[in-house]
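The listed protein sequences correspond, in order, to chains A and B.
The numbering of the first sequence is this note's numbering, which starts it at 41 and goes up by one.
The numbering of the second sequence is this note's numbering, which starts it at -16 and goes up by one.
Hints listed in this document are in silico derivations from the structure and should not be mistaken for laboratory results.
Nothing here was measured: the structure is a model prediction, and the numbers come from that model.
Virtual Cβ for every residue (Gly too), placed ideally from N, Cα, C.
Hints should not be assumed to be uniformly reliable.
When the alpha-carbon atoms are kept at most 27 Å apart in a straight line, the in silico DSSO-like pairs for lysine-lysine are as follows [to be verified]:
| # | chain 1 | residue 1 | chain 2 | residue 2 |
| --- | --- | --- | --- | --- |
| 1 | B | K4 | A | K348 |
| 2 | A | K244 | B | K25 |
| 3 | B | K4 | A | K147 |
| 4 | B | K25 | A | K358 |
| 5 | A | K173 | B | K4 |
| 6 | B | K25 | A | K359 |
Partial pick of chain A residues on the chain B-facing surface, computed with a CB cut under 10 Å [to be verified]:
| # | residue |
| --- | --- |
| 7 | F157 |
| 8 | I159 |
| 9 | F160 |
| 10 | C164 |
| 11 | A175 |
| 12 | K244 |
| 13 | I258 |
| 14 | A266 |
| 15 | Q324 |
| 16 | I405 |
| 17 | A406 |
| 18 | A416 |
Listed next, with one range per pair, are the computed distances between beta-carbon atoms [unchecked claim]:
| # | chain 1 | residue 1 | chain 2 | residue 2 | range |
| --- | --- | --- | --- | --- | --- |
| 19 | A | G63 | B | V(-4) | 41 to 49 Å |
| 20 | B | K25 | A | D318 | 57 to 65 Å |
| 21 | A | L302 | B | G28 | 37 to 45 Å |
Each chain, written out:
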Amino acid sequence: MEFLYENLLCLTWQQVVMWLVGGLLIYLAIKHDMEPTLLLPMGFGAILVNLPFSGAIGEYVDGVLVEANGPLSTLFNAGISNELFPLLLFIGIGAMIDFSPVLSNPKLMIFGAAAQFGIFFTLCVASIFFDIKEAASIGIIGAADGPTAIVVANKLLGFDSPITGAIMVAAYSYMALVPIIQPPVIRLLTTKSERRIKMAYSEKPVSRTTKILFPIIITIVAGLVAPASVALVGFLMFGNLIRECGVLNSLSETAQKVLANLITIFLGITIACQMEADKFLRPQTLLILGLGLFAFIFDTAGGVLFAKLINLFLPKGKKINPMIGAAGISAFPMSGRVVHKMGLKEDSSNFLLMHSIGVNVSGQIASVIAGGMILAFFA
Amino acid sequence: MSFDMSFVPENFVHSLEYMGKGMLGIFIVILVIVGITGALNKFTGKKK
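Excised from the complex, chain A in its bound form:
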């Protein structure tokens, strides 16, 4: 009857801690509806890979992994180590995004640029503790974009780096925590009167030609500046082109729903391969998680402070509500909605949604360009 309990004797306290971490992610996903598409698969995957000699990872003989041929390892090799899954997901994300709010008011894109400040500031701070490529990979958590974080970390460090797992988990987890992280930072940096600034919205029509040419031109521009970003930008814009061309409606719907959902399932549960206790429970992981939070905070601060700077040059009556700067973080559409809700809370007649979503969408573009910059510097 030894076979019933011999594996139990091999269970370590670190693995039990990871069960609790997985359980926490599942709890946040279900009870608080925090990005359940990401956190639930990650949480469950964390439990799967932290069972002794887990068959989800591979075959073990005498306690030693002899072949990483389990389903999670296979999926990891098939889609994460070569960055395929995040890039395929970007097709779905591109198909979901309507760039009209930013196309009708392109000036909003500068707030998307400003809100990438946290990436580079975190790179500088992280360089105190890590080498420059590791620091850059940690800084990219501030892109608030899982696929970008995975692609950049993989290219700079390789998927078997001990910190890649923490980076992936941080990127996805903090995206889910945007509604908690951003509001206190925004309130700290703005006055009540600034938060009550109303911004009129007048819809300017955007031609179909513009919507079709936009993704093509963005790909060319970003690709010429940072060739390493062509995959990221290109797949995002390809998804958007499928949406906007008007002749591929079934493909667009498939990309938005079936493809995005399938890849999200695989991505979420496979990222958990990096959450094995011996890889994840290290002091460096806590530092990386802390730096990831730092990146998000300074992204928010960068966007808000830039908006306040712009306001210094704008006449009264034409001021920008500085909160929309915070929406330049790439967590789409959550960040846009957070800013809109904060605006409504200050003044129930202040509808910032179209502005904040426009900035949020531009943040998606800017974060991918930031990823391209990082790759251009360090890859």
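We have chain A; now place chain B onto it with these hints.
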């Protein structure tokens, strides 16, 4: 897998160069995109 952490505060100053170049690069690219988008809106928009 072993992994070493260091503490080299001077690296913060050395990496400010990347922050400057990175943010400048993003702003330049975004401004180019803003310009192109403005031009697209102008030349492809419906004439009144």
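**Item:** Violated hints, by number in ascending order, as checked against the structure
**Value:** The structure conflicts with no hint, since it agrees with every one listed earlier.
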